[in-house]
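Following my numbering, the numbering of the first sequence begins with 6 at its first residue and continues without gaps.
A couple of the hints might just be wrong.
Said to hold, decoys possible - Capping the alpha-carbon separation at 25 Å, the derived lysine-lysine pairs in BS3-like fashion look like this: (1) K285 to K304; (2) K378 to K252; (3) K241 to K277; (4) K232 to K155; (5) K277 to K316; (6) K285 to K241; (7) K165 to K378; (8) K90 to K155; (9) K246 to K304; (10) K93 to K34; (11) K275 to K304; (12) K34 to K100; (13) K316 to K459; (14) K316 to K275; (15) K241 to K155; (16) K241 to K267; (17) K262 to K304; (18) K147 to K235; (19) K213 to K392; (20) K370 to K275; (21) K324 to K91; (22) K336 to K316; (23) K85 to K155; (24) K370 to K267; (25) K100 to K304; (26) K155 to K116; (27) K474 to K179; (28) K36 to K162; (29) K90 to K232; (30) K285 to K273; (31) K85 to K126; (32) K267 to K378; (33) K413 to K424; (34) K232 to K85; (35) K125 to K165; (36) K260 to K336; (37) K179 to K392; (38) K285 to K316.
The hints are simulated quantities; they were obtained by calculation from the structure and are not laboratory data.
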Amino acid sequence: MVQLNYTTEGICLKYTDINDIYLKATELKGKTFGEIDKQGRLDNHFNKGGYGHVIEESHFGYSINSDRNPDFNEAGVEMKVTPIKKNKNGTYSAKERLVLNIINFNTEITKTFRESDFWKKNEILLLIFYLYNKELSRTNQKIIDSLIYKYPESDFKIIKNDWQHINNKIKAGKAHELSEADTMYLGACPKGANKANGMIVQPNSYIKAMRRAYAFKQSYMTSLVRKYVKGNETNKRIISKPSDLEKHSFEQLIKKKLSPYKNMTEIKLKRKFGINSKAKNINEILLGEMLGIDGKISKSEEFIKANIIPKTIRLNTNKTITESMSLSPFKYEELINELWEDSNLRHLFSSTKFLFVIFKFDSDKVLRFYDIKLWNMPLEDLDQAFKKVWQKTKDLVNNGDIVKRISKLGIRTTYFPTKSDNPVGHVRPHAQNAQNTYPLPVKDQLTGLETYTKHSFWLNNTYILKQIKDLI
DNA sequence: GCATGATCATGC
DNA sequence: GCATGATCATGC
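Between the sequences and the hints, there should be enough to build the whole structure, so can you do that?
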């Protein structure tokens, strides 16, 4: 029910019932923020929380608070306004992660999950989705739909484990090492304009850490969008019994499921699952079958929500790895306009987990399934070493300094950072052939070329080997 | 021998 | 037609 309360600030409404809140929220559908805003808040372009404030004030008749309680405290509902975007292929995605409350490092570590600021504030969410259109002003952005969101049990267990992981890291004095890619659905994202003014003290360490907020990953939000807002897409879960997640992590459960297949040859696995494909992602298909998903593992619910990318590693008999690991090609024109903090490369590694699927050659040179590892790049490697690779590549493209010389057979040597230049990664071609190119923003000085063979950032084979050292 | 450049094979 | 995952070929 809705109560009228008389306060010193005048009359204000109190929603005590979730259904009343939801009913009121449904009236927003199809409206623009300009139509809702009675206070002219959106004229202030610096007011980032503007959309949420407009709806709280003008639509629900609430005064703004920013305390540790949910927005609709009596009903225990926290309201969030969040953008979705339409993709070129017609599907919809979340435009960004959903940022929740700031983490108080000092108090949060003294609490259990149920007592935590995170749970206290975000147990039930009212999500209001608007369609982001960059051609339109803030007042003309339109609301698409609203949703009262309570976590499904399977998500809840994973989120609880994520919270625990974040909490453990802060307790250990490692708040400065927190990466969004550490966790599955709930992450600790940077909060603050930049490193210069966002650094705060943390418990159990003298090193200052970036201020951080809880956030649901963009991948998690996208799956919500596709299930509840635009479409009813569902994907098969790997962990069918959520209660299994009480005693084991997601990674441990996968390992357990895969243990019967350990040491089986690739050939036997293919025969077992009736797969004839010679596709280069055959191992991804095999892994899906081993985990009981029909098809590619990247289509499972957990992999989509947590943004996990499977990668195959082939371990030699002498415990080395022959090949480095490729990523998607970058566009030269995009690269030179990026800042490191918002770059595609940094974004990839700070939000993505990788599932290393390790096959090992036996003494007869037969490939056998060996082990898996869920991995994400430590922030230090990303912001120190790998950043240098990115910076050098950017500078070279910017200066048109790409080709060093051309061999008799026409093979070109470049100035791009090589494996020996950097402990983490390097830059190499990644294309169908040398004629498969992207435009260059600056002509190559030596050759005068205006387009160049697609290149990718690669992870060094030696770096990969280090990351799986504990398994071999 | 292996680092670096080039290209393959499939499927969406 | 090309993105993606992967592996081959050249030359230092």
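Verification of the supplied hints:
1. K285 to K304: 17 Å, holds
2. K378 to K252: Holds. K378 to K252 sits at ~19 Å (cutoff 25 Å).
3. K241 to K277: Between K241 and K277 the Cα gap is close to 21 Å, so the pair holds against 25 Å.
4. K232 to K155: Holds, at roughly 14 Å.
5. K277 to K316: 22 Å, holds
6. K285 to K241: Holds - the C-alpha atoms of K241 and K285 are around 23 Å apart, at most 25 Å.
7. K165 to K378: 21 Å, holds
8. K90 to K155: The given pair, whose Cα atoms are some 23 Å apart, holds under the 25 Å limit.
9. K246 to K304: The hint holds at about 18 Å.
10. K93 to K34: Holds. K93 to K34 sits at ~24 Å (cutoff 25 Å).
11. K275 to K304: Holds, at about 19 Å.
12. K34 to K100: 19 Å, holds
13. K316 to K459: Holds. K316 to K459 sits at ~21 Å (cutoff 25 Å).
14. K316 to K275: Holds, at about 18 Å.
15. K241 to K155: 20 Å, holds
16. K241 to K267: 23 Å, holds
17. K262 to K304: It holds: about 18 Å lies between the C-alpha atoms, which stays within 25 Å.
18. K147 to K235: Holds. K147 to K235 sits at ~15 Å (cutoff 25 Å).
19. K213 to K392: 21 Å, holds
20. K370 to K275: 17 Å, holds
21. K324 to K91: 46 Å, violated
22. K336 to K316: Since the Cα atoms of K336 and K316 sit roughly 22 Å apart, the hinted pair holds (cutoff 25 Å).
23. K85 to K155: With a Cα-Cα distance of about 13 Å, the restraint between K85 and K155 holds, given a limit of 25 Å.
24. K370 to K267: Holds: K370 and K267 sit about 16 Å apart, inside 25 Å.
25. K100 to K304: Satisfied, since the Cα-Cα distance of roughly 20 Å is no more than 25 Å.
26. K155 to K116: Holds, at roughly 22 Å.
27. K474 to K179: Given pair K474, K179 holds - Cα atoms ~22 Å apart, limit 25 Å.
28. K36 to K162: At roughly 36 Å apart (the allowed maximum being 25 Å), K162 and K36 break the hint.
29. K90 to K232: 15 Å, holds
30. K285 to K273: 17 Å, holds
31. K85 to K126: OK: K85 and K126 at ~11 Å, within 25 Å.
32. K267 to K378: 14 Å, holds
33. K413 to K424: 24 Å, holds
34. K232 to K85: With a Cα-Cα distance of about 18 Å, the restraint between K232 and K85 holds, given a limit of 25 Å.
35. K125 to K165: Holds, because 13 Å separates the two Cα atoms, which is no more than 25 Å.
36. K260 to K336: 37 Å, violated
37. K179 to K392: 21 Å, holds
38. K285 to K316: Within the cut-off at roughly 11 Å; holds.
Taken one by one, the earlier hints fail for this structure at numbers 21, 28 and 36, listed in ascending order.
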